[in-house]
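Peer 1: With the hints as constraints, model all of the structure from the sequences given.
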Amino acid sequence: MSELRKQRPKFLNLAEIRLPLPGFASILHRISGAGLFLMLPLLIWLLQLSLGSAESFETLKAVTGNPLVKLILFGLLWAFLHHFCMGIRILLIDIHVGVEKQAARASAKAVLAVSLALTVVLGGKLFGVY
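In the working numbering, the protein residues as written are 802 to 931.
One should not assume that every hint holds.
Simulated DEER-style distance windows between Cβ atoms [claimed, not checked]:
hint, residue 1, residue 2, range
1, M840, T860, 38 to 46 Å
2, V930, N814, 40 to 48 Å
3, K902, E859, 51 to 59 Å
4, L841, K862, 17 to 25 Å
5, K811, V930, 48 to 56 Å
6, R809, T860, 55 to 63 Å
Cross-link-like lysine-lysine pairs, in silico, DSBU-like; alpha carbons within 30 Å at most [unchecked claim]:
hint, residue 1, residue 2
7, K862, K926
8, K871, K910
9, K910, K926
10, K811, K902
11, K871, K926
Hints are computed from structural coordinates only; laboratory data are not their basis.
Glycine included, every Cβ here is placed at the ideal spot set by N, Cα and C.
Peer 2: If you want it as structure tokens, here you go:
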């Protein structure tokens, strides 16, 4: 009877599991991909406004002038940049570059740092800092 209890699956408390940095970056990659997919109708609508007539471009400027829309676009900017950088990392791992533990940890740190730095730089342009 005790062997039967050992074979049962354990309850995993996800709040207590300490995920390594590459795993955390991988989960963020999935979240960013899902966010980009779900916000695709908004992005297509904004593209349509930008490519239409002069009146639709004025509508685009009015819509994107809203601080809430800018915040959503800032989040989408991060999602795109993280998804792009992490995708390059995954492609490199697929050809066996950076598979070792230390290299994987360093590349995950690089992905997070580069995507956040690019988000801040491009986000400054979005919010009119420069």
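Peer 1: Please go over all the hints and tell whether each is borne out by the structure.
Peer 2: Status of the hints after comparison with the structure:
1. M840 x T860: 38 to 46 Å: violated, 19 Å
2. V930 x N814: 40 to 48 Å: Distance hint for V930, N814 holds at roughly 42 Å.
3. K902 x E859: 51 to 59 Å: holds, 54 Å
4. L841 x K862: 17 to 25 Å: With a Cβ separation near 21 Å, L841 and K862 satisfy 17 to 25 Å, so the hint holds.
5. K811 x V930: 48 to 56 Å: holds, 50 Å
6. R809 x T860: 55 to 63 Å: Once the Cβ atoms are compared, 59 Å apart, the range 55 to 63 Å for T860 and R809 holds.
7. K862 x K926: Roughly 15 Å between the alpha carbons, so the hint for K862 and K926 holds.
8. K871 x K910: Measuring from Cα to Cα gives roughly 27 Å; hence the hint holds.
9. K910 x K926: Since the Cα atoms of K910 and K926 sit roughly 25 Å apart, the hinted pair holds (cutoff 30 Å).
10. K811 x K902: holds, 27 Å
11. K871 x K926: With Cα atoms ~11 Å apart, K871 and K926 stay inside 30 Å; holds.
In summary, the structure is inconsistent with hint 1 from the numbered list given earlier, while agreeing with all the others.
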